[in-house]
Amino acid sequence: MEKTDNNKAWLLVIPVFILVALSAIIPIMTVVNYSVQDTFGGNKFFWVGTEWFTDVLRSERFHNALGRNLLFSFIILCIEIPLGIWIALSMPRKGIWVPVCLIMMALPLLIPWNVVGTIWQIFARGDIGLLGHTMSLLGVDYNYTNNIFDAWVTIIIMDVWHWTSLVVLLCYAGLVSIPEAYYQAARIDGASKWSIFRFIQLPKMRGVLIIAFLLRFMDSFMIYTEPFVLTGGGPGNSTTFLSIDLVKQAIGQFDLGPAAAMSLIYQLIVLLICYVFFTVMSHVGTDKPIEEKVE
Amino acid sequence: MLELQNLSKKVGSSTHINDVSLTLEKGSLYVLLGATLSGKTSLMRLMAGLDKPTSGEILMNGQSVLKTPVQKRNIAMVYQQFINYPGFTVYENIASPLRVAGVNKKAIDIQVREAADLMKLTPYLDRGVLNLSGGQQQRTALARALVKGAELVLLDEPLANLDYKLREELRIELPRIFAEAGAIFVYATTEPQEALLLGGRTVTLREGSVTQFGKTIDVYNNPTNLETAQTFSDPPMNVIPMQKRGVDFTFSDGQVSCPKDLLGLPDGAYNIGIRPHHLMLNQSEATTLKIQAPVSSTEISGSETFIHVSQDDLKLVVLTHGVHRVGIGDHIDIYLDPSKFFIFDQHDALVSAPNVGIA
Amino acid sequence: MAQITLDKLAHSYLNNPKTDGDFALKEIDYVWDDGGAYALLGPSGCGKTTLLNIISGLLVPSKGRILFDDCNVTNFQPEQRNIAQVFQFPVIYDTMTVRQNLEFPLKNRNVPKAEIAKRVEEMIEVLDLGNKANLKARGLTADEKQKISLGRGLVRYDVNAILFDEPLTVIDPHMKWQLRTKLKDLHRQFNHTMIYVTHDQTEAMTFADKVVVMYEGEVVQIGTPEELYDEPKHTFVGYFIGSPGMNIIPVDVVGNQAKIGIHSIDLKGDYADLTGKVELGIRPEFVTLNKTELGIPVQITGIDDIGRFKIVHATIDGSEINIVLNEGQSIPSNPNIALETSRINIYQNDHLVRPLVNGRGL
Numbered sequence: 004m005e006k007t008d009n010n011k012a013w014l015l016v017i018p019v020f021i022l023v024a025l026s027a028i029i030p031i032m033t034v035v036n037y038s039v040q041d042t043f044g045g046n047k048f049f050w051v052g053t054e055w056f057t058d059v060l061r062s063e064r065f066h067n068a069l070g071r072n073l074l075f076s077f078i079i080l081c082i083e084i085p086l087g088i089w090i091a092l093s094m095p096r097k098g099i100w101v102p103v104c105l106i107m108m109a110l111p112l113l114i115p116w117n118v119v120g121t122i123w124q125i126f127a128r129g130d131i132g133l134l135g136h137t138m139s140l141l142g143v144d145y146n147y148t149n150n151i152f153d154a155w156v157t158i159i160i161m162d163v164w165h166w167t168s169l170v171v172l173l174c175y176a177g178l179v180s181i182p183e184a185y186y187q188a189a190r191i192d193g194a195s196k197w198s199i200f201r202f203i204q205l206p207k208m209r210g211v212l213i214i215a216f217l218l219r220f221m222d223s224f225m226i227y228t229e230p231f232v233l234t235g236g237g238p239g240n241s242t243t244f245l246s247i248d249l250v251k252q253a254i255g256q257f258d259l260g261p262a263a264a265m266s267l268i269y270q271l272i273v274l275l276i277c278y279v280f281f282t283v284m285s286h287v288g289t290d291k292p293i294e295e296k297v298e
Numbered sequence: 011m012l013e014l015q016n017l018s019k020k021v022g023s024s025t026h027i028n029d030v031s032l033t034l035e036k037g038s039l040y041v042l043l044g045a046t047l048s049g050k051t052s053l054m055r056l057m058a059g060l061d062k063p064t065s066g067e068i069l070m071n072g073q074s075v076l077k078t079p080v081q082k083r084n085i086a087m088v089y090q091q092f093i094n095y096p097g098f099t100v101y102e103n104i105a106s107p108l109r110v111a112g113v114n115k116k117a118i119d120i121q122v123r124e125a126a127d128l129m130k131l132t133p134y135l136d137r138g139v140l141n142l143s144g145g146q147q148q149r150t151a152l153a154r155a156l157v158k159g160a161e162l163v164l165l166d167e168p169l170a171n172l173d174y175k176l177r178e179e180l181r182i183e184l185p186r187i188f189a190e191a192g193a194i195f196v197y198a199t200t201e202p203q204e205a206l207l208l209g210g211r212t213v214t215l216r217e218g219s220v221t222q223f224g225k226t227i228d229v230y231n232n233p234t235n236l237e238t239a240q241t242f243s244d245p246p247m248n249v250i251p252m253q254k255r256g257v258d259f260t261f262s263d264g265q266v267s268c269p270k271d272l273l274g275l276p277d278g279a280y281n282i283g284i285r286p287h288h289l290m291l292n293q294s295e296a297t298t299l300k301i302q303a304p305v306s307s308t309e310i311s312g313s314e315t316f317i318h319v320s321q322d323d324l325k326l327v328v329l330t331h332g333v334h335r336v337g338i339g340d341h342i343d344i345y346l347d348p349s350k351f352f353i354f355d356q357h358d359a360l361v362s363a364p365n366v367g368i369a
Numbered sequence: 059m060a061q062i063t064l065d066k067l068a069h070s071y072l073n074n075p076k077t078d079g080d081f082a083l084k085e086i087d088y089v090w091d092d093g094g095a096y097a098l099l100g101p102s103g104c105g106k107t108t109l110l111n112i113i114s115g116l117l118v119p120s121k122g123r124i125l126f127d128d129c130n131v132t133n134f135q136p137e138q139r140n141i142a143q144v145f146q147f148p149v150i151y152d153t154m155t156v157r158q159n160l161e162f163p164l165k166n167r168n169v170p171k172a173e174i175a176k177r178v179e180e181m182i183e184v185l186d187l188g189n190k191a192n193l194k195a196r197g198l199t200a201d202e203k204q205k206i207s208l209g210r211g212l213v214r215y216d217v218n219a220i221l222f223d224e225p226l227t228v229i230d231p232h233m234k235w236q237l238r239t240k241l242k243d244l245h246r247q248f249n250h251t252m253i254y255v256t257h258d259q260t261e262a263m264t265f266a267d268k269v270v271v272m273y274e275g276e277v278v279q280i281g282t283p284e285e286l287y288d289e290p291k292h293t294f295v296g297y298f299i300g301s302p303g304m305n306i307i308p309v310d311v312v313g314n315q316a317k318i319g320i321h322s323i324d325l326k327g328d329y330a331d332l333t334g335k336v337e338l339g340i341r342p343e344f345v346t347l348n349k350t351e352l353g354i355p356v357q358i359t360g361i362d363d364i365g366r367f368k369i370v371h372a373t374i375d376g377s378e379i380n381i382v383l384n385e386g387q388s389i390p391s392n393p394n395i396a397l398e399t400s401r402i403n404i405y406q407n408d409h410l411v412r413p414l415v416n417g418r419g420l
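Chains A, B and C, in that order, are what the protein sequence lines are. Residue numbers 4 to 298, in this note's numbering, belong to the letters of the first sequence in order. Residue numbers 11 to 369, in this note's numbering, belong to the letters of the second sequence in order. Residue numbers 59 to 420, in this note's numbering, belong to the letters of the third sequence in order.
One chain only, chain A, in its complex shape (with noise of 0.2 Å):
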């Protein structure tokens, strides 16, 4: 549709850019500053260019953290998109139980960052937990504060525990959208389960995929919370994502140099990745080329 021909609608879109200004504009701008100077206190600034961006490029911590954030979503990734597929595949499509199947995958959405991982650090605890003290009666050895493969699972499940519903949903709602006469159509070709999920489902669930994906990589790719409430970043650096570890540079040391050219890096590896990913996602499927500029 195209627009009418009076100009009110500029007006109440003023308040917005100015709040977008203040808050995003505005802060972005002082990062960039911080980014190519330096101060040795005082309000005193001299300018170093790209150096802090070359010393955190070259830095092994960032590298480190930067390895810790691509596994973690990675596994993420690999877990929560087939589990929610195969969740939503296994919900009922009609019947009275779709109304309470959809308010149990909600729930979990429901809960802000900060209580997950207070709750799973509680429950997980091995003296007062449930799932910790169960674990040590068991005779597992089990102990996130002090073994960094126990502290990444636990992150894990909490993520999954908490995010796989969104994904979930998502799929839930292409699903449902394909009209009958496609699983009609398959049964009487003689389609394998398999092949009604590899030829109508996937294929018609492309688009909510393509989102959950995103949405999905952009979230644990930030990840923060959850192995700050849990462990701080420990055992160790083994739970120190570059969100956290950016925090410890800003504000634990106060490097605000770096940490300004760590946090554009960080921003432009997200805006990289994402753009690679719908680029490619969005074409995967179709006859258009890949190279074909995406509008």
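Quick caveat, the hints were computed from the structure, so don't treat them as lab data. Computed from a prediction, not measured in an experiment: that's the story for all the values here. Possibly wrong hints are sitting among the right ones.
[Claimed, not checked] In silico SDA-like links for lysine to any residue, alpha-carbon gap of 25 Å or less:
1) B:Lys175 - C:Gly376
2) A:Lys196 - C:Lys165
3) B:Lys300 - B:Val249
4) C:Lys368 - B:Leu142
5) B:Lys175 - C:Phe344
6) B:Lys175 - C:Pro413
7) C:Lys368 - B:Pro276
8) B:Lys175 - C:Ser377
9) B:Lys225 - C:Ile389
10) B:Lys175 - C:Asn111
11) C:Lys368 - B:Ala189
12) C:Lys76 - B:Leu142
13) B:Lys130 - C:Glu274
14) A:Lys97 - C:Leu116
15) B:Lys225 - C:Gly360
16) B:Lys82 - A:Lys97
[Said to hold, decoys possible] Some but not every residue of chain C turned toward chain A, in silico, with C-beta under 7 Å:
17) Val149
18) Tyr151
19) Asp152
20) Thr153
Cβ coordinates follow ideal geometry from the N, Cα and C atoms, glycine included.
Could you slot chains B and C onto chain A? The hints should help.
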């Protein structure tokens, strides 16, 4: 009165509407006839103010309405899909535009019942719209449009999604309802038969341009060019290129003598258009020409039969009364009557039409 | 290919149907020939889709059995029935090419590769999709997609029946008759039993050898297009087939005369005494308008000029009658009508009655 002056609409490099000028009078019905993508919906959207023209002017009662937003124009629109408020009863649906306008309850009741009566919906007033048949749902949408008292009512193929027989009945009912309402009705359709049953005036569209505008039956009987004749013909008009030489028309399959009133035509090449029902299976007059051709397919439409024949370049459709079975591949005799020829010149402009004579 | 037997079939969507009205499909008992082309024709809600779903296996009928040849398939799932179906909206596998779409049902049935290639190649040829065989199916037009869904049925040589559920709904008007003709062609070529559901008389009568007309859950007539046109067995068939539909006028029948008020009309034979609602049916094409004093005077109430003919709306003694006037015929000032005797049918309580032959009814 709605006036469209030199209206054009371009989107990117493609022209959707090309220099359309029309004057639509109150209390009349206008049929927009054209194939899919001929610009019917685009033109309606311009009239409604949903789109802005690239150039040109739209006047309502002499006032430009280009700057008036859709909400402030007094129009109603009915679509191919049955669009009603799903949670409402028929009564509430019909009443909705009046409630928005703040009409008092008593007046609403009177108007709703009147419209429901006109649309034969009275027994269903208290039912939810989703429990109605397609025809009843579409009649509810029509009643809502009527009750709004709009100056301009736009109907975009409103019967396309209905059962065949219901369509036939509503086509006969609608002109009567339109006549009573007194607004400007614009009705888009792809079917020539529908335009004829509705009557009124017809605008034939092709590729965004108006090819002809006039009383429906006149446009049908006297299309000014081949394009209009083709638009206004289902199945398509048969076209045979012929040469007029002296007292004869000749073409690849033979020759036929020229009727007396056409003897004045200059010799030369013409495109001869023949409506399918003017091709006959029995010889009626001596002046007719016989063509023998094999049948390629037949279609039966209930009380009529279409017979398609094809031989080399010659492809013809014959329409006859009654139900006939003809074997595919059988050779049949077809008679051409030159007094029924639509004669178009080399530029496809009409030279002569049956019943009308030389233009 | 198979002969389809509908053995005392009936269906109700209610758990405990009591009256006749509770049945969406009233009892039918017919045998449909192997290799026949049948159309199920009727307005929406007449039960034609219910019947189709029973044949395809989506519904198990409340009563009766359905047999493919001698095999009782009443409780078989769709995939066990070995049928093919073309739906209202084209169902294709988006991610596959045209060729892969056609191969799909054969691959699922483990047909040998060489055989698949041969059949698919042949089918692409038959459907005129040669230049599009390797394109993704989703980019095609609606009519091409419908051809693919039909092709997926036709490549399986052994299907018991091919079912069509209003397959031309989304097809552009000017493509409709081409596809209709193609369907007819394919039927002749492959000789499958085909069942075609539609509300459009043109589609039904063009496609089918036998048209099954349904009305309010009941099969009111099964016949060839000619039979439906010439001798509708039910007033609904007369009304539904033909545009405009058949005129139905209440009359009294005495011997070989039908009386409308004071006027008498000759009938084609003697009738037995008829009780209940007695009506005369005649198609508008077989009523002529004369200016002579002969015939029955009518009052003309309206004229629709639709180009190749005019429909004259008139009344005789309060009953409405439509008359079709050919192009060029004019309307006399003192109109009288004549009915073509051989074209008059008589109905008792909506059902056709035939004249007595040698004193006995047929």
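Verification of the hints:
no. : hint                : verdict
1   : B:Lys175 - C:Gly376 : 24 Å, holds
2   : A:Lys196 - C:Lys165 : 14 Å, holds
3   : B:Lys300 - B:Val249 : 16 Å, holds
4   : C:Lys368 - B:Leu142 : 33 Å, violated
5   : B:Lys175 - C:Phe344 : 21 Å, holds
6   : B:Lys175 - C:Pro413 : 30 Å, violated
7   : C:Lys368 - B:Pro276 : 35 Å, violated
8   : B:Lys175 - C:Ser377 : 21 Å, holds
9   : B:Lys225 - C:Ile389 : 21 Å, holds
10  : B:Lys175 - C:Asn111 : 23 Å, holds
11  : C:Lys368 - B:Ala189 : 20 Å, holds
12  : C:Lys76 - B:Leu142  : 24 Å, holds
13  : B:Lys130 - C:Glu274 : 21 Å, holds
14  : A:Lys97 - C:Leu116  : 17 Å, holds
15  : B:Lys225 - C:Gly360 : 18 Å, holds
16  : B:Lys82 - A:Lys97   : 43 Å, violated
17  : Val149              : 4 Å, holds
18  : Tyr151              : 5 Å, holds
19  : Asp152              : 5 Å, holds
20  : Thr153              : 5 Å, holds
Checked against the numbered hints above, the structure violates hints 4, 6, 7 and 16; every other hint is satisfied.
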